[in-house]
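Asks: Below are the chains, spelled out letter by letter.
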Amino acid sequence: MNPRPGAAVLTDKQLLRFRDFIYENLGLWFGDSKLPVLQNRLRIRMGKLGVDADKYYALIRSEDDRAEIEKLINVITTNETYFYRCESQMDSFREIILPRMVEEKIAAGNRSLKIWSAGCSTGEEPYTLAMCIFETIPFHSIWDILIYATDLSTDVLNRALEGKYNKRAIERMPADFLKKYFDLRENGLYYVNNAIKKVVDFEYSNLVDAYYDTDYDIIFCRNVLIYFRDETKKMILNKFYDALKPGGYMFLGPTEMVRGLVDGFKLISLKDSVVFQKAPR
Amino acid sequence: MNSDYTILVVDDSPVVVEAVRDALLKDGYTVLAAADGIEALDMVRQNRVDLILLDIDMPRMNGYQLCKLLKRDEKFREIPVVMLTAKSSDADRMWGVKAGTDEYLTKPFNYAKVKEILGRFL
Numbered sequence: 001m002n003p004r005p006g007a008a009v010l011t012d013k014q015l016l017r018f019r020d021f022i023y024e025n026l027g028l029w030f031g032d033s034k035l036p037v038l039q040n041r042l043r044i045r046m047g048k049l050g051v052d053a054d055k056y057y058a059l060i061r062s063e064d065d066r067a068e069i070e071k072l073i074n075v076i077t078t079n080e081t082y083f084y085r086c087e088s089q090m091d092s093f094r095e096i097i098l099p100r101m102v103e104e105k106i107a108a109g110n111r112s113l114k115i116w117s118a119g120c121s122t123g124e125e126p127y128t129l130a131m132c133i134f135e136t137i138p139f140h141s142i143w144d145i146l147i148y149a150t151d152l153s154t155d156v157l158n159r160a161l162e163g164k165y166n167k168r169a170i171e172r173m174p175a176d177f178l179k180k181y182f183d184l185r186e187n188g189l190y191y192v193n194n195a196i197k198k199v200v201d202f203e204y205s206n207l208v209d210a211y212y213d214t215d216y217d218i219i220f221c222r223n224v225l226i227y228f229r230d231e232t233k234k235m236i237l238n239k240f241y242d243a244l245k246p247g248g249y250m251f252l253g254p255t256e257m258v259r260g261l262v263d264g265f266k267l268i269s270l271k272d273s274v275v276f277q278k279a280p281r
Numbered sequence: 001m002n003s004d005y006t007i008l009v010v011d012d013s014p015v016v017v018e019a020v021r022d023a024l025l026k027d028g029y030t031v032l033a034a035a036d037g038i039e040a041l042d043m044v045r046q047n048r049v050d051l052i053l054l055d056i057d058m059p060r061m062n063g064y065q066l067c068k069l070l071k072r073d074e075k076f077r078e079i080p081v082v083m084l085t086a087k088s089s090d091a092d093r094m095w096g097v098k099a100g101t102d103e104y105l106t107k108p109f110n111y112a113k114v115k116e117i118l119g120r121f122l
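So the protein sequences, as listed, match chains A and B. Just so you know, we're using this note's numbering here: the first sequence kicks off at 1 and counts up by one. Just so you know, we're using this note's numbering here: the second sequence kicks off at 1 and counts up by one.
No wet-lab data here; the hints were simulated from the structure. Backbone N, C-alpha and C define an ideal beta-carbon position, used for all residues, glycine too. Misleading hints may appear alongside valid ones.
Which residues of chain A face chain B? A few of them, derived with a C-beta cut under 7 Å, are [stated by the list, open to error]:
1) G31
2) S33
3) P36
4) N40
5) Y204
6) D209
7) Y211
8) D213
Derived lysine-lysine pairs resembling DSS-like cross-links, with alpha carbons at most 30 Å apart [stated by the list, open to error]:
9) A/K239 x B/K113
10) A/K71 x A/K105
11) A/K164 x B/K98
12) B/K98 x A/K198
13) B/K71 x A/K164
14) A/K71 x B/K107
15) A/K234 x A/K266
16) A/K71 x A/K245
17) A/K71 x B/K68
18) B/K98 x A/K114
19) A/K114 x A/K197
20) A/K164 x B/K68
21) B/K115 x B/K98
22) A/K105 x A/K266
23) A/K197 x B/K115
24) B/K75 x A/K198
25) A/K198 x B/K115
26) B/K113 x B/K71
27) A/K71 x B/K75
28) A/K245 x B/K71
29) B/K115 x B/K75
30) A/K114 x A/K13
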């Protein structure tokens with residue numbers, strides 16, 4: 001493919017150098033099949049800055065410019081995201097897993113629920129989860145609900161915290177969610193309301209770090225592991241295993257599987273999606 | 001007397017730790033060092049620490065996480081935290097403020113600036 005006129009040029013050799021740098025410094029791996037995506041996004045970023053590949057490589061390598069690495073992370077990992085993404089999976093969470101879990105908890109006299117949204121980007125996923133929980137749990141205000149939402153970019157976290165979205169981000173939401181959990185302001189943007197915001201705790205964290213709680217009921221980590229190499233994936237999946245309570249659930253992206261990467265998860269087929277349940281090892 | 005004060009330097013770069021430690025020792029401070037948030041937390045629990053100079057991007061537990069934990073703990077919340085980091089965007093700074101940092105300094109390391117801040121807090 002020829003680059004667009006005016007777009008920055010990036011040779012294969014240069015591209016591989018970026019790939020290695022990104023892997024060594026961030027743990028994110030772009031396999032051969034994903035190299036065109038990396039190439040494209042690097043070109044966009046270099047084009048915006050008006051620098052060539054060598055200059056850009058020098059820039060991100062200079063220790064003083066961590067800020068540029070942050071921007072690069074945003075450019076290379078930001079996928080389109082919106083509320084109620086992967087509808088069938090969200091429906092399964094809301095209609096099957098959550099009611100099952102809530103019923104068991106009520107029977108056991110336990111009114112707490114802790115969820116980890118790993119790789120939460122601009123907040124659409126954790127906020128959607130909060131809305132599903134509010135819909136499902138009767139008298140949710142007497143529950144101790146926490147959705148811990150992490151990402152490795154402060155830029156997206158600040159946007160998540162702000163909680164304002166355009167029409168496109170909310171168009172797949174069930175219509176009543178929109179009425180109940182958002183305020184539409186004069187600027188035409190939708191603001192997540194405070195009741196929802198109160199149960200979501202955003203934190204800066206890289207999935208390869210080792211600091212985490214071990215009492216989660218459910219973990220969502222969708223379309224994030226695709227950026228890691230198998231050995232890093234193994235490490236992260238084992239971390240998720242440890243972070244979940246016995247019997248806890250893990251939702252990955254619709255095409256992500258754990259076979260050969262981690263032991264101890266039971267695959268459960270739901271309507272049009274699957275979920276992994278922590279089983280004894 | 002500066003020697004009455006113990007400063008904890010938290011950074012995963014041995015080069016930065018050495019540079020900061022040397023400068024602080026020269027001014028007579030007592031200096032402790034840790035390479036990540038978890039190590040720093042242990043140090044804070046085991047020693048009297050008067051101020052923390054804290055990097056952000058570190059393995060295991062990052063600086064934002066450590067700061068948040070300390071500021072939520074009534075035993076440690078009074079210890080001034082000064083983030084000293086290469087993360088220089090407004091978003092990074094805002095996140096530092098949200099984590100409860102008392103000051104936010106960006107690298108390269110400027111000892112005059114650090115000294116001024118130490119004078120303010122100690």
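Asks: Against this structure, judge whether each hint is valid.
Replies: Hint check results:
no. : hint            : verdict
1   : G31             : violated (24 Å)
2   : S33             : violated (29 Å)
3   : P36             : violated (28 Å)
4   : N40             : violated (24 Å)
5   : Y204            : holds (5 Å)
6   : D209            : holds (6 Å)
7   : Y211            : holds (4 Å)
8   : D213            : violated (11 Å)
9   : A/K239 x B/K113 : violated (40 Å)
10  : A/K71 x A/K105  : violated (42 Å)
11  : A/K164 x B/K98  : holds (18 Å)
12  : B/K98 x A/K198  : holds (15 Å)
13  : B/K71 x A/K164  : holds (28 Å)
14  : A/K71 x B/K107  : holds (18 Å)
15  : A/K234 x A/K266 : holds (16 Å)
16  : A/K71 x A/K245  : violated (35 Å)
17  : A/K71 x B/K68   : holds (24 Å)
18  : B/K98 x A/K114  : holds (22 Å)
19  : A/K114 x A/K197 : holds (15 Å)
20  : A/K164 x B/K68  : holds (25 Å)
21  : B/K115 x B/K98  : holds (24 Å)
22  : A/K105 x A/K266 : holds (21 Å)
23  : A/K197 x B/K115 : violated (39 Å)
24  : B/K75 x A/K198  : holds (25 Å)
25  : A/K198 x B/K115 : violated (39 Å)
26  : B/K113 x B/K71  : holds (23 Å)
27  : A/K71 x B/K75   : violated (37 Å)
28  : A/K245 x B/K71  : holds (27 Å)
29  : B/K115 x B/K75  : holds (25 Å)
30  : A/K114 x A/K13  : violated (45 Å)
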